[in-house]
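Using my numbering, count along the sequence shown one by one with no gaps and you end on 270.
Everything labelled a hint here was simulated from the structure, so no lab data went into it. Predicted, not measured: the structure shown is a model, and the values here were computed from it. Backbone N, C-alpha and C fix where the C-beta goes; we use that ideal spot for every residue, glycine too. One thing to keep in mind: the hints can contain errors.
[To be verified] The calculated lysine-lysine pairs, modelled on BS3-like cross-linking and capped at a C-alpha distance of 27 Å, are:
{"no.": "1", "residue 1": "Lys202", "residue 2": "Lys223"}
{"no.": "2", "residue 1": "Lys110", "residue 2": "Lys83"}
{"no.": "3", "residue 1": "Lys83", "residue 2": "Lys38"}
{"no.": "4", "residue 1": "Lys171", "residue 2": "Lys191"}
{"no.": "5", "residue 1": "Lys199", "residue 2": "Lys171"}
{"no.": "6", "residue 1": "Lys191", "residue 2": "Lys206"}
{"no.": "7", "residue 1": "Lys202", "residue 2": "Lys191"}
{"no.": "8", "residue 1": "Lys171", "residue 2": "Lys110"}
{"no.": "9", "residue 1": "Lys171", "residue 2": "Lys202"}
{"no.": "10", "residue 1": "Lys92", "residue 2": "Lys109"}
{"no.": "11", "residue 1": "Lys195", "residue 2": "Lys220"}
{"no.": "12", "residue 1": "Lys171", "residue 2": "Lys206"}
{"no.": "13", "residue 1": "Lys206", "residue 2": "Lys195"}
{"no.": "14", "residue 1": "Lys83", "residue 2": "Lys109"}
{"no.": "15", "residue 1": "Lys199", "residue 2": "Lys223"}
{"no.": "16", "residue 1": "Lys223", "residue 2": "Lys206"}
{"no.": "17", "residue 1": "Lys171", "residue 2": "Lys223"}
{"no.": "18", "residue 1": "Lys109", "residue 2": "Lys171"}
{"no.": "19", "residue 1": "Lys92", "residue 2": "Lys110"}
{"no.": "20", "residue 1": "Lys92", "residue 2": "Lys223"}
{"no.": "21", "residue 1": "Lys202", "residue 2": "Lys220"}
{"no.": "22", "residue 1": "Lys199", "residue 2": "Lys220"}
{"no.": "23", "residue 1": "Lys92", "residue 2": "Lys171"}
{"no.": "24", "residue 1": "Lys195", "residue 2": "Lys223"}
[Said to hold, decoys possible] So the derived label-pair ranges between C-beta atoms look like this:
{"no.": "25", "residue 1": "Asn270", "residue 2": "Gly245", "range": "25 to 31 Å"}
{"no.": "26", "residue 1": "Gln217", "residue 2": "Asp197", "range": "19 to 25 Å"}
{"no.": "27", "residue 1": "Leu7", "residue 2": "Arg240", "range": "48 to 54 Å"}
{"no.": "28", "residue 1": "Ser91", "residue 2": "Glu210", "range": "36 to 42 Å"}
{"no.": "29", "residue 1": "Pro121", "residue 2": "Ala228", "range": "23 to 29 Å"}
{"no.": "30", "residue 1": "Ile266", "residue 2": "Gln193", "range": "40 to 46 Å"}
{"no.": "31", "residue 1": "Asn177", "residue 2": "Glu225", "range": "22 to 28 Å"}
{"no.": "32", "residue 1": "Arg105", "residue 2": "Arg229", "range": "21 to 27 Å"}
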Amino acid sequence: MTWTILILVLAIAMFLFGGMLLKRDGKKPTTGAVLANRTIKLVSIILITGCVCRLYMPYYLTSVNPMIVQDMVNGMQEQQNAEKNKAVRSYVRSKADTMSADAPILGRADAKKTIFVWTDFSCPYCRRVHGELERVLADRDDVRVVVKNFSIHGPLSDSPAKAVIAAKLQSPEKAATLVNMLMNRDYYTQDDLKDQSKIDEKVQKNVMKMAAEAGLDTAQLEKDMKGEVVAREMANVRDLAQRFEISGTPFLIVGEQAFPGAIPYQQIIDALN
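Given only the sequences and the hints, what does the whole structure look like? Please build it.
Here it is as structure tokens:
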């Protein structure tokens, strides 16, 4: 901005006094002097116009017509989303089986359409979008939801995330039941949070109660939670989150489109269609 003001002052000075610096042949200016004077004034006018536009533009964009800035931001976001969707399409088409191999699946495993959701059981927005996904599954028998448990809240996330992955080793159906239970019911209380040193132990104990209610062998479940399959799936979730630039939950891939945030039922249906 400082340089713009200095150039503007210099351009005005050139316009007003530039002709005084040219040599004259007596009282009448030479043809060369006339041409030089006109050139100086033309350059001055161009510089003045450019500087005024540069100084006025921020005021115009922020005060007179701020919607232009919003339109520019929206356009950039749309372009970024298009590029992300292109990368998602390319990867999902070739790696869908790997992405769903160890993950819990809601709905029919052989459904034609797939929704991948990066979620966290302790995230309220994830719980909200889970309700929307349950509506989708209730209305559509050609859709499955692959649950990618993105453990981002430490002890509140780790045990439930590992438990539903391990549960699939016993029964895909019981794993789906446990997912729904953990999403729709509280698996820790405010009292559990008072002693942070024991929160992991208390959360796992509560998760195991739900697992038993879902019909799972909890002794085997706790053993499998420490096994290779769970470790592999948790690593896959993190690796894909990095690849798709997922910084929070929920994050959905519906068909071949990426949707950050808790999108509503109708938007999911539109993307499936």
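Open item on the list: With the threshold set at 27 Å, check whether the alpha-carbon distance from Lys206 to Lys195 stays at or below it.
Closed with: holds, 17 Å
TODO: Could you say whether the range 25 to 31 Å given as a hint is met by the Cβ separation of Asn270 and Gly245?
DONE: holds, 27 Å
Open item on the list: Would the hint linking Lys195 and Lys220 be met if the CA-CA limit is 27 Å?
Closed with: holds, 20 Å
Open item on the list: Does Lys202 sit within 27 Å of Lys171, going by the straight-line distance between their CA atoms?
Closed with: holds, 18 Å
Open item on the list: So if I understand the rule, the pair passes when the alpha-carbon distance is 27 Å or less; does Lys83 with Lys38 pass?
Closed with: Violated: Lys83 and Lys38 sit about 52 Å apart, past 27 Å.
TODO: Compare the distance between the alpha carbons of Lys202 and Lys223 with 27 Å, and conclude whether the hinted pair is satisfied.
DONE: With Cα atoms ~15 Å apart, Lys202 and Lys223 stay inside 27 Å; holds.
Open item on the list: Verify the CB-CB distance for Ser91 and Glu210 against the hinted window 36 to 42 Å.
Closed with: holds, 39 Å
Open item on the list: Please verify whether Lys202 and Lys220 have alpha carbons no more than 27 Å apart.
Closed with: holds, 14 Å
Open item on the list: Please check whether Gln217 and Asp197 have a Cβ separation lying inside 19 to 25 Å.
Closed with: holds, 20 Å
TODO: Would you mind confirming whether the straight-line C-alpha gap from Lys92 to Lys109 stays at or under 27 Å?
DONE: Holds - the C-alpha atoms of Lys109 and Lys92 are around 15 Å apart, at most 27 Å.
- [ ] Given the hint that Lys171 pairs with Lys191, test it: the Cα-Cα distance must not exceed 27 Å.
- [x] Since the Cα atoms of Lys171 and Lys191 sit roughly 31 Å apart, the hinted pair is violated (cutoff 27 Å).
Task: Restraint check for Lys171 with Lys206, where alpha carbons must lie at most 27 Å apart - done: holds, 14 Å
Consistency note: the structure conflicts with the earlier hints numbered 3 and 4.
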